[in-house]
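Mind the numbering: the sequence shown is residues 39 to 308 in the working numbering, read in order.
I should point out that these hints are in silico values taken from the structure, not numbers from a laboratory. Warning: the hint list may mix true and false statements.
Heads up, simulated DSS-like pairs for lysine-lysine below, C-alpha to C-alpha not over 25 Å straight-line [stated by the list, open to error]:
id	residue 1	residue 2
1	K118	K195
2	K211	K200
3	K257	K187
4	K211	K257
Computed from a predicted model, the values in this text were never measured in an experiment.
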Amino acid sequence: MEALADGKGGAVVPDGALGRAVLISGGAEVVGTGFELQTTGVIPGMIRGFDPQGRAYRRGRAAAAGRDSLPIERWDPATKTVAVLAWQQLVRVQPTPMRKLPDGRMGGEILAAPELFPMRPDWMPLLDGSVAIVNQAPYRVDVVTPAGKRIVGPVVKYQPIKVTSAYRTWWSKSQFPAQDDMFPAVLPPVDGLMSQLRASTEGELWVPRLRDWNDSLPKYDIFDKTGTLTGRAVLKPHSHVIGFGRGVIYVARQTPDDDFWHLEKYQARP
């Protein structure tokens, strides 16, 4: 599990096996454990981030049967209270229709083929207690303020990437084998399955874009607190953003020759 900035200079490391989180001080010392499943009601791995007051922002559990979304919650460890800030749409898997089996019984497939690139929204808390929600169709970022007001960001135009035979072949070799009919005609702007959103200390949201199979340069769209696209960043091959400090960006880069990971630090945008 990756470490999360606690909003106060330290870090929180979820421990899924024990249903808790390890607390790290700003001096890199282990100072205890917290956010136990028995106390919070959800596993620590559901937590996406923290604000300076120590409140945790997390994905909640499903509520009423048939609901098509999950709550985005703010949990206050001081008062042990939960506030629902917004909702995240679920990806529905449709089972195949019931049919008569060779032995005369009625049956159907329990699971349908998974959707490789779901169009569901993704989200990330910002340091001021706002929540940024990345929508895919249309591509835009909405921001829910700490008071609960939703700011709808402007639609971002982009050139969709066509899913070619070469892309499908690359995917099946590098990820896992997949049938051609499991792929969409074009890629969505961002990956709705594997969340890699990052929030800077300045309140910016960094959104990694999906790339073509032969594009080795990671690309990020950068949005401000109003959901407006303010810039783009291109990294070296085999790199991704892992965090931010005051005026700096931390990047992890892997060298293919030896598989070593290198931690790099760059100056943030002026």
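Exercise. Which of the listed hints are broken here?
Worked result: 1, 3
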